[in-house]
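Residue strings, one per chain:
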Amino acid sequence: MARLIRTEKEVEGRYEEVWLLVEEDSLEQWPAGPRSVVGRPAERVDGAARARGEAIFTGDVHLPGLLHTAVLRSPFARARVRRVDLAPALAAPGVRAAIGPGDARGFERECGYEGAAVAAVCADTFAQAQEAVALIALDWEELEPLLDPDEAARTGQLLGSRQYERGDLERGLAEADAVVEATYRTQTVLHNSMETHQSVCRWVGDTLEVHISTQYIWGVRDDVASAVGLAADKVRVVSEYSGGGFGSKNDPGEYTFAAAELARRTGRPVRCALTRREENVAAGNRNSTIQRLVAGAHADGTLTALGGEFVNAVGYSGWSSMTEGPMQMLYACANVRTHTAGAKLNLPPMKAFRAPGFVEGTFGLECLLDELAAKLDLDPLELRRRNHTDADPRDDRRYSSKHLTECYRRAEPHWQRRHDVRARSTDTVKRGVGIASQIWFGGGGPPSYAWVRVGADARATVVTATQDIGTGTKTALAQIAAEELGFPLERVSVVLGDTARGPYSTLSAGSSTTPSMGPATRSAAADAKRQILDLAEQRYEGQMQIENGELVGADGTRRSLDELLGLLGDGQILGTGARGPNPTGLEVLTFGVQVAEVAVDVETGEVSVDRIAAIHDVGRVINPLGASSQVEGGIIQGIGHTLSEQRLDDPGSGRVLTRTLDAYKLPTIADVPEIVCELIDTPDEHLTNLGSKGLGEPPIIPVAAAIANAIRDATGADVRSLPITREEMLRALAEAREREKRGAPATV
Amino acid sequence: MELLRPSSLEALDGGVPLAGGTEVVPLLREGLLETDVLVDVSGLVPVGIDGTRIGAGTTLAAIEADSDVPAALREACRLAASPQLRNMGTVGGNLLQATRCWYWRLHYPCRLHGGDRCHARDGEHREHAIFANDFCASGHPSDVAAALLALDATLRTSRRRLPLGELYRLPTEPDRRTTTLEPGELILELDVPHPDSSCYLKAMDRKRWAFPLVGVATARTGTATRVALAGVAPIPWLLEGSLDDATPLPGTAYKVEIAKALQKRALASLS
Chain Y
109 MARLIRTEKE VEGRYEEVWL LVEEDSLEQW PAGPRSVVGR PAERVDGAAR
159 ARGEAIFTGD VHLPGLLHTA VLRSPFARAR VRRVDLAPAL AAPGVRAAIG
209 PGDARGFERE CGYEGAAVAA VCADTFAQAQ EAVALIALDW EELEPLLDPD
259 EAARTGQLLG SRQYERGDLE RGLAEADAVV EATYRTQTVL HNSMETHQSV
309 CRWVGDTLEV HISTQYIWGV RDDVASAVGL AADKVRVVSE YSGGGFGSKN
359 DPGEYTFAAA ELARRTGRPV RCALTRREEN VAAGNRNSTI QRLVAGAHAD
409 GTLTALGGEF VNAVGYSGWS SMTEGPMQML YACANVRTHT AGAKLNLPPM
459 KAFRAPGFVE GTFGLECLLD ELAAKLDLDP LELRRRNHTD ADPRDDRRYS
509 SKHLTECYRR AEPHWQRRHD VRARSTDTVK RGVGIASQIW FGGGGPPSYA
559 WVRVGADARA TVVTATQDIG TGTKTALAQI AAEELGFPLE RVSVVLGDTA
609 RGPYSTLSAG SSTTPSMGPA TRSAAADAKR QILDLAEQRY EGQMQIENGE
659 LVGADGTRRS LDELLGLLGD GQILGTGARG PNPTGLEVLT FGVQVAEVAV
709 DVETGEVSVD RIAAIHDVGR VINPLGASSQ VEGGIIQGIG HTLSEQRLDD
759 PGSGRVLTRT LDAYKLPTIA DVPEIVCELI DTPDEHLTNL GSKGLGEPPI
809 IPVAAAIANA IRDATGADVR SLPITREEML RALAEARERE KRGAPATV
Chain F
49 MELLRPSSLE ALDGGVPLAG GTEVVPLLRE GLLETDVLVD VSGLVPVGID
99 GTRIGAGTTL AAIEADSDVP AALREACRLA ASPQLRNMGT VGGNLLQATR
149 CWYWRLHYPC RLHGGDRCHA RDGEHREHAI FANDFCASGH PSDVAAALLA
199 LDATLRTSRR RLPLGELYRL PTEPDRRTTT LEPGELILEL DVPHPDSSCY
249 LKAMDRKRWA FPLVGVATAR TGTATRVALA GVAPIPWLLE GSLDDATPLP
299 GTAYKVEIAK ALQKRALASL S
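Residue numbers (my numbering), protein chains in the order written: chain Y, 109 to 856; chain F, 49 to 319.
Same shape as in the complex, but just chain Y (with noise of 0.2 angstroms):
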C-alpha cells in the first residue's frame, strides 16, 4: 500500500524536505552472514561482455546517418560575445547544422568560465565539425577574470554561506590543556571518467531518444523534457554501459541539449562527445577548498572545542557541498563551530565527486586530530576512540546502526605495524604509519522499484529502469534476486538502463543504488517466489520452498522447478517490488577507518604508499568480490588525489593548463600499493529488508589523511595542501627541520 510521506531526503550531503510516496516493506531481513548467493563472492555477471568488446556504451551507439557534433568553448575565464556568425561555419563541407547563443540549454553570449559552450557545428564526419566549428566568426568582449577564493569570501561573491554553532567555541578554547590550529588546502581535481561526457539524440516521432553516459536516466528524462518542452514520457534515455562518473554525470549537460537541438533541425540522430581535452576544461571538477581549523582537547584527549572556516572554490556555478560535515559529525565535541563560504569564481564549475565535501574536510579534520594528538602525546588511534559518538552529536538522533567501535578494533593489528615499519626506517627513507576515520551518508531511500518476471524456462529477469555506472550493480540485484528466489545465479538475469523499460530507479550517487535498489530487488522477487509457490502448492500436496533451483516439500522430497514453471507455457509470473521508507528517526551513515604505510625519502621529497588498510561499515555486503572492488577503486582514486593530482590554472588568465592524461597525472598501477579490505558485515537492523548500506564513496574519504598522517608518523613533518607533491613534501620536511632546530616542540 503506498502513501505519501512527509520526509528529509538527503543525495550527497545535500538535504531537503519533500514529499515521497513510499511503500511499506515488509519483509523480514535475512539472518547476518553469507547466505547461499547473497554474501558470497560472484564475478561480474557481464563481465565477459565487458572484455569481449560486446558491452555497448554511448561512445560505441552508432546509429544510421549519426552526424558529429564539435562545440565552440569560451577561450576566456571572463568574456562576453558581442557578435556571433555561424554562415562560415554552415558553409563548410559537411556541415548539416550550427546553433549559437540561446540556442540550447547552456549555449550562452556571457561566458563566465573558459569552456563555457558558445556555439556546437554538427557533421558528416567529427573531423568536419572541428575544422567548421573553428570558422565560427566571433567578436569577443574580454572581461577581468575573478580567480582567488579568499577575495571572493571577503567581497561576498558567494555561492552559498553556511554558519554552523553547538555550545561555545570561545569557551571550549578557554577549557582546553592544549590547542592546535592551521590551515589546510586541498587542489582541484579532475573526474577523468573513462569514458568522456557525451550523448547521442534521435528524434523517433514525437519522442526524443537520448543515449547518454549518465549516473541518472530518469534525472536526464526530467531535465530534457523540460529543456525541449517535451512531456517528460515523450524523453527515453538509454544508458546499457557507462564508462565511470563520480559524480560528474548526474544531469545531462549542454552537450545532450546541443545534440537534441541539433536533431530536431537536421531530423538525423546526432552524438555530441567531449574530447578528452574538453572534459579536463568542462565536465565539471572537486573544487579546490582552503580550511583554516582550530581544535582543543583537555589533556586526556576529549575534545572541548572544533572550529573551521571553510571556503569552497565553487567555480563559475555549481553548489558550496560540505566539507564542514566531518567536524561537525565526527565526533563528540560540545562546542563547535563553522563557517562555510562557497566563493564564485570564473573558474569551470565544480561538479559532485565521490564524496563531495567529505573527502576535503575528512583530510583537514583528521591531519588536526593527529596534530592534537602529537601535541598531547596521545595515541591517534587512542584520541579517536576517546571521542567516539553514540548518538548524531548535532541533534543527539540515535544512528540506524554505526560500528565504529569495531571498525578500530579491527584496525588494531594494522595499526600495531608500526612499530615494525618505522623500525625499517634508514637515514634517508623515513616510514610510518597513519590512521583517519570516515563518516560518510550512504543509505539511499525510495522510491525505487523493480519488477521480476519469471518465464517457463524457470529463469528469472529483474527488469528496473536504473543504471550500472560500473559499480556492479547488475550482479548484485542478480545475487539478491536469485537468493530471494531461491534460485542458482546462472537463472537470473538483469535488465537496466532504458526509462521506457522498467520501472523508476533513484540516481547512481550519493553511494546509494545498492541500498536503494538492492530492497526494491529483493521485494519483487519476494512477489515472484509467493506466486511460484501459490502455484506449486495448487499443483503438488503441501507446503515448499524453494532452494537452489528445486522446489522442496516439507517431508524433504524435491521437485525440480522446470516441471512447475514448464507448465507455464507463455504465462508469465510477474512480481513488483519497491523500495520501502527509510527508519524514521533514525540517522543513516556509514562508517569506516584506513591505515595507511608510506615511505619518504627525505632528500627527493618522494612519498611511497606501501599498504593501506580499510575497514568499513557499510551493513550486509551483497557481494563481497565486489565490495573490494569498490574499495580498491576508492582508495586509488584517494591516492591520485592525495599524491599526485592536480589541475593547474594559469594564475593570469584562469585557463586550464593540464588539459591531457600526461600533464594532469592521475595514478598508474605502479602507484598502487597493497590494498586490504575488511567490511564489518553486520546487516543494519533498521535499514530495509536487507540491511544494506552504500559503498561508493566511503573508501576514498580517509585516505589522504591517513597518508598525510603516516607521513607525519614518518618524518615529523606537518604536510597541509594536497597533493603532496615533491615540492609540498620538502617544504614540510624544512618546516619541521626548522622547528627542530629552534628547539620547539614536534607539533605547533
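Certain hints may be false.
As the list claims (entries may be wrong) - With a Cα cut of at most 27 angstroms, we get these calculated DSS-like pairs of lysine-lysine:
1) Y/Lys483 to Y/Lys849
2) F/Lys308 to Y/Lys849
3) F/Lys255 to F/Lys312
4) F/Lys255 to Y/Lys849
Claimed, not checked - Partial list, derived from the structure: chain Y residues whose beta carbon lies under 7 angstroms from chain F:
5) Thr374
6) Glu711
7) Ser752
8) Asp758
9) Pro759
10) Leu769
11) Ala771
12) Thr776
13) Asp779
14) Glu835
Bear in mind the hints are in silico, worked out from the structure with no lab data behind them.
Glycine is no exception: its CB is placed at the ideal position from the N, C-alpha and C atoms.
Assemble the complex: chain Y is given as a structure, and chain F must be docked to it using the hints.
Frame of chain Y, contents of chain F only:
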C-alpha cells in the same frame, strides 16, 4: 595529408620524418606541427645495436633490454614513458622531443612560438627549468638525451657527425629553435662510448609514465666523470659547474634540492 615511403636517403625531399610516431602524431594532432607530407623513415634509418653503435631507429624497448648498453642509457629508457610507448618510440625521435611546457603546448604566444615573453616565468612553472631559464623557462623532457650527454655520445646524421651536445642550442631572440638539425637532416646513428661505470636516476610525479621533474645521469671513464640532467633547462643540460649555480624560479627551487640528492647518489653509485 600524404605519407611517403622513399626508397633511399637520396630520394628524401622535404616533409616531416615519421618513425615510431609517438612524438610526431601528438604534435600534429595538437596543431603544434603542420605539414602536408609525412615521410616514413623507418626503412631508411638503421635499427639495432652493434658494439658502441646504436641505430637511430632502435626502439627504447630494445635498448632497455640489451645488457651491453651502458647502464645510464638502459635506465633512462626503462624509466621513460610506458611499455607501449617504448615499444614504438625510437631513440632518434626521443632526442628530438618538444618541451612539455603547457604554455607552449596550448599555443600561448610564448618565446618558442615567436612571441615576446615567457608565460611560464610569471605563471605556473613547477615542471620548468632551473638553468638557462631567463629567455624561455621550458624544461627538456628527454631522459635518454641526458643519459647520452653524460655518456658523451656522438651522432651521425645524413649530413654530418657531431657530439650530442651540439645537437641542442638554447633559444635566443633571433633564433628560437632548440636544435641545430637542419630541415631534411636525419639522425641515423649514435655512437655511445662504453664508460667504466654509469647511472641514471629520475624524480617524477608518480612511479611510472611521467616526464622527469629532474633526471640525473652520471658516467665515469677513467678519472673523468660527466654529469647531465633532464628536465632542468630548455635543452638537455651538461653540468659543468655546480648545482649551486642554478637560477631556479620560485616554483622550481625544489628541483635544485632533488637534483643535488640524485647527483650525490648517482656519483656514489659509480663503481
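* Any hints this thing doesn't respect? Which numbers, in order? -> 4, 5 and 10
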